[in-house]
Every structure is written in C-alpha cells, then in structure tokens.
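*Asks:* Protein chains in written order, with this note's numbering: chain C, 1 to 748; chain Y, 749 to 907; chain A, 908 to 988.
Derived by calculation from the structure, the hints in this document are not laboratory data.
Check before you lean on any hint, since a few could be wrong.
To be verified - DSSO-like cross-link-like pairs, simulated, lysine-lysine; straight-line CA separation at most 30 angstroms:
{"hint": "1", "chain 1": "C", "residue 1": "Lys396", "chain 2": "C", "residue 2": "Lys307"}
{"hint": "2", "chain 1": "Y", "residue 1": "Lys866", "chain 2": "Y", "residue 2": "Lys757"}
{"hint": "3", "chain 1": "Y", "residue 1": "Lys866", "chain 2": "C", "residue 2": "Lys122"}
{"hint": "4", "chain 1": "Y", "residue 1": "Lys757", "chain 2": "C", "residue 2": "Lys62"}
{"hint": "5", "chain 1": "C", "residue 1": "Lys737", "chain 2": "A", "residue 2": "Lys910"}
{"hint": "6", "chain 1": "C", "residue 1": "Lys410", "chain 2": "A", "residue 2": "Lys910"}
{"hint": "7", "chain 1": "Y", "residue 1": "Lys751", "chain 2": "Y", "residue 2": "Lys820"}
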Amino acid sequence: MAKDTANELRIVGTRPDRPDGLDKVTGRARYGADISAAGLLHGAVVRSPHAHARIVKIDASKALALSGVKAVVTRDDFPTGLTGEAWDLQENTMAGERALYDGHAVAAVAATSAQLARDAAKLIEVEYEILPHVTDVDAAMAPDAPIIREGAADHSVPDGLHPNVVRYIEFGHGDLEDGFAKADIVREHQYKTEAAHQGYIEPHACMGQMGADGKGEMWVCTQGHWYIRKMCTQVLGLDASQLRVTPSEIGGGFGGKTTIFMEPLSLALSRKAGGRPVKIVMSRSEVLRATGPTASASMDVKIGMTKDGKITAGSATFRMQGGAFAGAPVDMALYCAFAAYKVPALQHVGYDVLANRPKAAAYRAPGSPMAAFAVESLLDEMCNELGLDPLDVRVKNAAQSHETSSFGPKFGVIGLNETLAATQAHPNLSAPLGPNQGRGIASGFWFNHGGDTSVSMALGEDGTVTVSIGTPDIGGSRASMAMMAAETLEIPYDNVRVNIVETGALGVNEPTHGSRATFATGKATVEAAQGMIVEMCKRAAAKWGIEPDAVEWRDGAAHPAGPNAGEYPPMTIGEIGAAMSNTGGPIAGHHESVPAGVGESFGTHVVDVEVDPETGRTTILRYLVVQDAGRAIHPAYVEGQYQGGAVQGIGWALNEEYVYDDMGRLQNPVFLDYRVPVASDLPMIDTVIVEVPNPGHPYGVRGVGETGIAPPLPAVANAVAAATGVRMRHLPITPSKLLAAIKASKNG
Amino acid sequence: MSKIHITTKVNGEEVEFLADPRDTLLDCLRDQLELTGTKEGCSTGDCGACSVTVDGTLVCSCLMLGVEAQDKQIETIEGMAQDGELHPLQRKFIEHAALQCGFCTPGILVAAKALLEKNPDPNETEVRYWLAGNLCRCTGYDKIIRAVMDAAAEMRGAA
Amino acid sequence: MVKIVLWSGLRRFTDGTLEFETAAPTLGRAMSDLVAQYPGLGPIFDQGVSVAIDGDIVPPNPAMALPDGAEVHFLQQMRGG
Numbered sequence: 001m002a003k004d005t006a007n008e009l010r011i012v013g014t015r016p017d018r019p020d021g022l023d024k025v026t027g028r029a030r031y032g033a034d035i036s037a038a039g040l041l042h043g044a045v046v047r048s049p050h051a052h053a054r055i056v057k058i059d060a061s062k063a064l065a066l067s068g069v070k071a072v073v074t075r076d077d078f079p080t081g082l083t084g085e086a087w088d089l090q091e092n093t094m095a096g097e098r099a100l101y102d103g104h105a106v107a108a109v110a111a112t113s114a115q116l117a118r119d120a121a122k123l124i125e126v127e128y129e130i131l132p133h134v135t136d137v138d139a140a141m142a143p144d145a146p147i148i149r150e151g152a153a154d155h156s157v158p159d160g161l162h163p164n165v166v167r168y169i170e171f172g173h174g175d176l177e178d179g180f181a182k183a184d185i186v187r188e189h190q191y192k193t194e195a196a197h198q199g200y201i202e203p204h205a206c207m208g209q210m211g212a213d214g215k216g217e218m219w220v221c222t223q224g225h226w227y228i229r230k231m232c233t234q235v236l237g238l239d240a241s242q243l244r245v246t247p248s249e250i251g252g253g254f255g256g257k258t259t260i261f262m263e264p265l266s267l268a269l270s271r272k273a274g275g276r277p278v279k280i281v282m283s284r285s286e287v288l289r290a291t292g293p294t295a296s297a298s299m300d301v302k303i304g305m306t307k308d309g310k311i312t313a314g315s316a317t318f319r320m321q322g323g324a325f326a327g328a329p330v331d332m333a334l335y336c337a338f339a340a341y342k343v344p345a346l347q348h349v350g351y352d353v354l355a356n357r358p359k360a361a362a363y364r365a366p367g368s369p370m371a372a373f374a375v376e377s378l379l380d381e382m383c384n385e386l387g388l389d390p391l392d393v394r395v396k397n398a399a400q401s402h403e404t405s406s407f408g409p410k411f412g413v414i415g416l417n418e419t420l421a422a423t424q425a426h427p428n429l430s431a432p433l434g435p436n437q438g439r440g441i442a443s444g445f446w447f448n449h450g451g452d453t454s455v456s457m458a459l460g461e462d463g464t465v466t467v468s469i470g471t472p473d474i475g476g477s478r479a480s481m482a483m484m485a486a487e488t489l490e491i492p493y494d495n496v497r498v499n500i501v502e503t504g505a506l507g508v509n510e511p512t513h514g515s516r517a518t519f520a521t522g523k524a525t526v527e528a529a530q531g532m533i534v535e536m537c538k539r540a541a542a543k544w545g546i547e548p549d550a551v552e553w554r555d556g557a558a559h560p561a562g563p564n565a566g567e568y569p570p571m572t573i574g575e576i577g578a579a580m581s582n583t584g585g586p587i588a589g590h591h592e593s594v595p596a597g598v599g600e601s602f603g604t605h606v607v608d609v610e611v612d613p614e615t616g617r618t619t620i621l622r623y624l625v626v627q628d629a630g631r632a633i634h635p636a637y638v639e640g641q642y643q644g645g646a647v648q649g650i651g652w653a654l655n656e657e658y659v660y661d662d663m664g665r666l667q668n669p670v671f672l673d674y675r676v677p678v679a680s681d682l683p684m685i686d687t688v689i690v691e692v693p694n695p696g697h698p699y700g701v702r703g704v705g706e707t708g709i710a711p712p713l714p715a716v717a718n719a720v721a722a723a724t725g726v727r728m729r730h731l732p733i734t735p736s737k738l739l740a741a742i743k744a745s746k747n748g
Numbered sequence: 749m750s751k752i753h754i755t756t757k758v759n760g761e762e763v764e765f766l767a768d769p770r771d772t773l774l775d776c777l778r779d780q781l782e783l784t785g786t787k788e789g790c791s792t793g794d795c796g797a798c799s800v801t802v803d804g805t806l807v808c809s810c811l812m813l814g815v816e817a818q819d820k821q822i823e824t825i826e827g828m829a830q831d832g833e834l835h836p837l838q839r840k841f842i843e844h845a846a847l848q849c850g851f852c853t854p855g856i857l858v859a860a861k862a863l864l865e866k867n868p869d870p871n872e873t874e875v876r877y878w879l880a881g882n883l884c885r886c887t888g889y890d891k892i893i894r895a896v897m898d899a900a901a902e903m904r905g906a907a
Numbered sequence: 908m909v910k911i912v913l914w915s916g917l918r919r920f921t922d923g924t925l926e927f928e929t930a931a932p933t934l935g936r937a938m939s940d941l942v943a944q945y946p947g948l949g950p951i952f953d954q955g956v957s958v959a960i961d962g963d964i965v966p967p968n969p970a971m972a973l974p975d976g977a978e979v980h981f982l983q984q985m986r987g988g
C-alpha cells in the first residue's frame, strides 16, 4: 500500500535534478532530426498551393531524371480500401483525387541530399483544376458552401444540415425555459476564436526505413510511438508488429505530435528506394501549413442569472471547423463549457464542420480554451452588469465533489473550491491598479485521461533498478517516474534509471497526451514496483525459510514482519539482486492496464493588464495560476506546466491566429507573422499548487498539463474589458483590433 | 554545384568541411561536423534555436551561409562546458528546472552566455529583451529568466 | 439493478426516455437490450460511445460487469482529446 500522507513521503514532493538534464543542457540529447544512418536519403514533399483543387495529373519524370533522385511516391503507392479514421489519415498523408487545403501533400521524393530533394520536388509537375473553397466555419455551414466531402456525416447528424457538418453533439439536462424564466437577467452573445498552432519549436522529423518485406524501423519525434506505428501501418497496409518505432527526444508537442503527417512517406520512399533510410524534416512553414492546428470556433452562449449571482440556466451552441476532416474538438469543448458550475438547466449543441484547412490535431485541452473564452467572458459581463464579484459568483455556483457534473456523470473528488479559496486569498488580488489597467479572472477545467499503459521494471545485480516506460518525456516525466519508483521501493532516487523504450519492448502505450503520463505511467510504475517487492520478499522468505507473508519491505530491504517471524538480518535490494540468479532467476515487475480513477483538474487564473490607448497594445503586468494538482510529484515541473499553459493561452488571446487570403492560402506560415509570446512580452508567472489528492492514484496525482491553457483566453479578455471598458468577443485581441474597438466605442 | 572546402575554428578546435554554397552554417554544423546540439526551429531567423557566436557576436546560424565560416571562431553549445565542468548557466538551468522539452535550451544558453559576457549584471527587463529572439513554447520563460539571473549572480560572486 | 442514463440528444431515438433500470450483467448486454428496444440507437452505439461508471470514465468494454447499484452514463464519444 503506497503512502499517501505528505509527511511520510521522502522523495515525492521534492525537486531533484532531472535525469536527462545533463544531456539537454549540453546539446547531447538527440531529437527527431539529430540522426543519420549509412546510405541516408533525404525526403521532400510536394504540397498543393491551392485550398481546394482537383489533381489532374502528376508528372515526376523531370525529377526522376536528376542524378541522385532515388524515388518518388504519390497516392498510387498507397493501398486502397481503407475506411473511417484510417482513410482520413491516409487521405491527409497524401491527397487522392483532390487537394483539400493549402499545403496538402500530393507527392514526395527521396534524394541523396536535402538540397537535391528540394530541387527535385520543384521539378515534379502537378496540374490542378482549382475548385471553390471555404475556410470560415460559419460560411462552411451555409447552404451555398462548397461541399468538401459528400457523405462524410456520421449517424449523429440530423437531416437537413449542409454535408460539411460531419458530427452533431447534443446533450443537457433540466428545463431550460423554466431556468431562464427564473433568472433576473438573461444575456446571450456570440464569441469567436481563431485557429492556433501548438507552436512547438521542434519541427516534425523522422527517419524511416522499410524493406521490400514490409519490415521497418523508424526514429521519430513523437508524443506516442505506438500511435505512429498503428497509423503508419494502417495507412501503408502493413503489419503493426513489423514496424519498430523508436522515439527520439521531443522538442514540444502539446497534442500536435500525437498523430502522423509525413512519417508514412519516409517508409514508402524507403521501400521504393531499395530499403535505404529516408529522413524527412519539415520546415517551419510546412509545420504551420500542413500539420495539425486546432479548430476555429464560432460560439453562441446564453446564461440566466439571479440578481445575487445564482446561475439558473445556460445554453451553448458551438460551431467548430477542424479542417478538411472530422475531428474538431466540439464535443470536449461542450463537455468543459459549464463544468465548473452547478446549473439546474443546461443545453449544449455542437457542430463539427469541414473546411479547406489542414486536419486539426489536439492542442492542449482541445476545445476547453474556446469554451472557457465564451462562457467565462459572458459570466464576467453579467457579473459586471450586476455589480457582483466574479470570484464570489464562482464560489456560489461552483461544481462540487460527488455531485452531478454539467456533462452528466457525478464528479469524484474535485478541487475547484480549494482553487477558488486560494485565489481569493492571494496577494495579487490586492495589487493596486492604475489608469488603463484592469484585472480579469477566469476558471477552467480538463478531464485528464488514463488510457493504455504498459510499464516494466527490472532489478540489476547491484540492486539498482531500470524502469521501461512508453510515454516520451516532454516536460520532465522521467524524473517523476524515477521519484515514484524510488519512493515505492524505498531506494535512493539516483538508483533508478528510467528509459523510454521502443514499440517492440512493451505492450501498447497511449501517447504522452491527455495529461496522463504522471497519472497513468506513474500508477503503472508503482504497480510494477509493488510486483517486484512481492517477488523480492519471496526470495528473502525462501532464504529464511519462513512464509512470504511474514516478510515486509521497508527502507529498501526485506525484513521479517514482526517478532513472531523470526530474527533475520534484513536483506537489502542489493543483496537480493546479487543472489537472484541462484534464487529463482531475474527479478522484474510489470503492469499493463487502462487505469481507472483519473482525477480532473480545475484552475483559476488572475491577470492584470495595461492597455496602451494609443497603440492598442496589451501588456501583461501580473499573472497568477492557481490549479489543483492532486499531488505534485515534482513541484518544479508542475509549476512549469502551469506557466507554459498560461503563456500559450496568453498568445492565443492576444496575438495568435491563422490568417487566410481570399484564395484560401495561409498568409502567416512563419514565426515572424505567427506571433507567439516572447520573453519580453511577459512578467514572471506566479503559481499556486493546490493539492486535493486524487483517490484514484497511489500518490494522489491529477494530470496538470492541460487545464492551464483554458482560463487565460477569457481572463485576458476580461482584464482588457476592465482596463478599457471595451468587450472583445473575437480573439485574438490584436493591437489593431483593440484600437479600432476603443475608437468605435468612443464614437458610438 | 561543386562543394567548397572550408577551414574554420569551432569551440576552439580547427575543423574543415565541404559546404554546398547553398548550405547554411547551421546545416554545416549539424550535417558536416555532426554537432547536432544547435537546432533548426524555423530557418528564417525568428526562433533563435540555431544561436551560435561567430567571432564573439551572437548570430542565428540559419541566416549565415556555411561558406561564410571560413577563418572564423565559432562557439556552439557543445563548447559551453569546459573540461567536463558545466558552465554556471547550464547548472542553473538544471537546478531551476528552466527547461521542459529542452529543444530551445542550447540556443538560449548560448544567447544568455553572450549576454553575461557583455553585461554581467543585467536586470530582469534586460535579460528578457536580450532573449526576446529565443522562442520557448514550453516554459513561459519564468524559470529561464530566474536561472539566467541566478547564474549571473553566481558568476559575479565568483569574479 | 443498474441505472443507465443516456445523453439527451438521443431522445429522438428513444420515445423521449433517457433513464433506464437494467439487470443486465454486462455493459454489452445492457447496450444490446437498449438497441433491441430502440433500434435507432444501433448505429449510434456502433459508432462508439463514452461510458462513465459512477463518474469514472472507462473504456466501453462490452464484457465489463456492471456493479449492482451503479449509475452508468453514456456520453457522446469523447474524440477530441
């Protein structure tokens, strides 16, 4: 039984150095592009410059004539007959009959150098017949919108909607009409957010090798190498077990590296080039044009509230486009929309809409930030109108442990109240505000996730321990696993080495996504360690000639359990390891499961801004993140997640958006124009880790990575409203838009 | 196009390589010299992941051609630790958990070292503006700034 | 007995009823019983649903035993995570 009181823990909750720190500060750590191999070829991808076009002809003869060009692949090199999500992945990997967005891959070439591959790609001639396109989500639902795919709607979609509507969500409870009737004020508004990219600094990169026999190897930066294996083999019609995928270190993902983009192309090119390894590294503009940004959203929210701040009813209708394929996170957005509140009557309706944009991928709490922007903004507007304190209103309506959630089931143990209380008590709330300055507050939520987990652990002959896990380390999780293993085994942290192993070495693992690694891999690590402890106690029992249940594990050694067991000196883990060949063989623990007991994480943020009335520029003066971590295994990495999520949210609120021209071409595919926050934009980010332990994890862990990106969108908008008196309902709040709105409000 | 033979000094050592005239210094460091610590994040000089110093000046190696490296003194992340001892900046980054994925870390360390060589006592604003050309998407910069200022303080104390 | 709660968007396939008591021993049996009663639910269930048992979101394993007294919520499949 793992310890669960803070004062019993020796390692969990401390801040040791991360085991991969040395490699990462010296440049030794190897990321996706940091690999080479004998006979290496380089791949380049030909991409559609049109948002929507029929592909009439592809002529690669000039490219193939170049010396050093070894292979060209088109959709003809892929198997046919896929359906459902596998078909979507294949169609996105390489266009079939039509290019569906600016940047859609139509052909790929492998050559002996990267320069040559790029030259060859330019020589591949593609003839297009341009078709009408649509990029805006509301326009894509209109009766006259160009149809992106016939018959793509699933069974959820009622009759009468445009074919671009591929999924329909509807859920709620209570009597909405009655709820609104009971309100003193009922307000409704439309809120919009634009597509943003996860913005990881490392572009996608892989090296794939595949022989004519369908056996392959891949090195790739990814959040989930089993997903890469599954998706590549589906798309190429291969057996999963014959493709071995090794994850490199990963330079950021945030959800965008949980799926495939160009990876199958490296394998297809390799096979065509006689099995030579093919390396493909995306350029930044390819990343922005042709990987998976998040959805843009058009949202209608209506809330009823009494004069003293009780929410009586709420409705949310969200329309989201996830590119040319189903998958906009409108379901999750609606599940999160009112999750922080106890509301007697709620109705949620959602539309997942196709548009001529790249296939959306997950981006940190997918859907939650958009929903938070809409609901938390409207609540703020209503609190202002009624002269109520927004924190008091949140406390008054806060979702409670063990009570029905807004999305249906009852919550388990949740920590929303505690985050609100911690926020109310924080000194940032009493920082004085000057002219053109304002404060905004918002709360946010994420489910977190369990998912397929497989871990193994082995004892060394010297008593040190190796842990094999399947979740790539994006933010320090190796350290957390080592800490949990060392805590459970009661051995020093430095005696544990954690390795992230390739797909051949463990059962299936879901990616490092859904804020699941510390929870799920951690829980499995603890289970595997407990399995090892049982075996080690058995070895000691056998040596002492007593029953195994008369042996207990303590301080890294087996001890007789109580005075009746007999008097034997403890056997340390090192002694057990040294003797193991002769006492029964290798000692290892392992655990496979889909762990239950996932703990949700609520957060509340407070931001102070100053708006320059001459330029419309918003400066963040102060930022506070208060979030429930359940238990912080390594507090510095929890703080890091809070701060990182907040800053991505600030970027999304103030600057980041996908800009398309009237031809449907992305106008800002470089970091100069897709403007993410830089160091000089920001102050220090204050954090408070609230700990309401999750009973579903041996150390109380809740996932923390995602919740933090939801509150900043509304918190910043609320602060801007407080600073200027102008309510911005369409993100991002760029200086030019804000200035125009300020001017209009003065004139209007 | 035939390649050009380049001789230069990298991290204090004489090296030579063959550069395609279109290769950037970044390409040559990574592919010809196998110094993969310097990263490519954007190839348009916007992210700073490719930061190196050339004759003491901080540059984006993606904005310089490999052939321009002839007879220069180039310092990369691989040269930051001396004789197996980490630079105070490197130590402080580990101590402060100033990295999450670590991809921007080499560029930021090179840039921060260049700052402290120029200005050993920068205030927070000066550090933030100096590092504004180094994008980090994971950390929100808070712990990076703290690590740089703590390293600067230690270096001043030791001086 | 186990209480099953469907999401309200399924009203158009059932006769408006959203809550059911079942003695079915497994999730799969409970679902096939519902489809037998309301065939319109068939294609929806085949597409995949998310399931929460007493608040815990779990993989929809048809062989999963339904604990007596549990409250089982069916949610439109959470895909966007």
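*Asks:* Work down the list of hints and note, for each, if the structure agrees.
*Replies:* Tested hints:
Simply put, Lys396 (chain C) and Lys307 (chain C) have alpha-carbon atoms about 13 angstroms apart, close enough for the 30 angstroms limit, and the pair holds. Distance check on the hinted pair: Lys866 (chain Y) and Lys757 (chain Y) sit about 22 angstroms apart at the alpha-carbon level, within 30 angstroms; holds. For the hint linking Lys866 (chain Y) to Lys122 (chain C), the alpha-carbon distance of about 44 angstroms lies beyond 30 angstroms, and the restraint is violated. For the given pair, Lys757 (chain Y) sits about 40 angstroms from Lys62 (chain C) by alpha-carbon distance, which is inconsistent with the 30 angstroms threshold.
A distance of roughly 51 angstroms separates the Cα atoms of Lys737 (chain C) and Lys910 (chain A); the hinted pair therefore is violated under the 30 angstroms criterion. Proximity of Lys410 (chain C) to Lys910 (chain A) is assessed by CA-CA distance (about 13 angstroms); at most 30 angstroms being required, the pair is judged to hold. A C-alpha spacing of about 19 angstroms is found between Lys751 (chain Y) and Lys820 (chain Y), which places the hinted pair at or below 30 angstroms, so the restraint holds.
Checked against the numbered hints given earlier, this structure breaks hints 3, 4 and 5; the rest are met.
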